[in-house]
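> In terms of our numbering, the sequence shown has 87 at position 79, counting the first letter as 1, and numbering is strictly consecutive.
Among the clues, some could well be false.
What the hints assert, rightly or not - Label pairs and their in silico Cβ distance ranges:
1) V161 x S56: 19 to 29 Å
2) T49 x D146: 20 to 30 Å
3) A155 x V54: 28 to 38 Å
4) D15 x E159: 16 to 26 Å
5) A155 x G93: 35 to 45 Å
6) S56 x P92: 31 to 41 Å
7) E147 x S97: 15 to 25 Å
8) E94 x V46: 15 to 25 Å
9) T74 x Q160: 18 to 28 Å
10) V46 x V136: 16 to 26 Å
11) S25 x E94: 31 to 41 Å
12) P17 x G57: 16 to 26 Å
13) A155 x E94: 17 to 27 Å
Don't read these hints as lab results, they were simulated from the structure.
Glycine included, each C-beta is placed from N, C-alpha and C at the ideal position.
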Amino acid sequence: MVELEDDSPLIITGEISRTSVIRDIDDITDFTLLDVKVSQTLKGTVNSGSIIVRQTGSAEQGSAETLLQTGDVVMLFLTPTDLPGEQSSQYYVTGATAGVYRVPDDTQQSWNVLRSQHGNASDAWQPVFERVNVDSGDELPSELTPAQVYEQVKD
9 MVELEDDSPL IITGEISRTS VIRDIDDITD FTLLDVKVSQ TLKGTVNSGS IIVRQTGSAE
69 QGSAETLLQT GDVVMLFLTP TDLPGEQSSQ YYVTGATAGV YRVPDDTQQS WNVLRSQHGN
129 ASDAWQPVFE RVNVDSGDEL PSELTPAQVY EQVKD
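Kindly generate the complete structure, drawing on both the sequences and the hints.
And the structure:
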């Protein structure tokens, strides 16, 4: 876990508000761009309320990665793209899918009901995020909370 945190200059929680597909590096490779509305910044700095995260592949082209979708509530361990121009402000997930944790669908549905009844109660909600890729052969935890990550990175 320490390596993933160390290799990630930015760690956030948020919700995928929009996705789009682009071919901007070559004429062959699709990239799915995730517009992530940031809820919490656990490590690093975000200059606005949302960021763009690049995932290699698309639903049409296929991907070795688990592609995130609009509405997913996620914890992401991120690395700057180091690409030129507009892409320089975008991020990759650290370790392809190693840095992707998502709130399970049933928990997201409960949260949506709570939010519709009581407004935005995100400050009080501390979900458990589950690892998306559990079969990668490493020893990362299968579940994390924002508080656990924050305690690790602040030391």
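> Quick one: which hint numbers does this structure break? Sort them smallest to largest.
3, 6, 7, 11, 13
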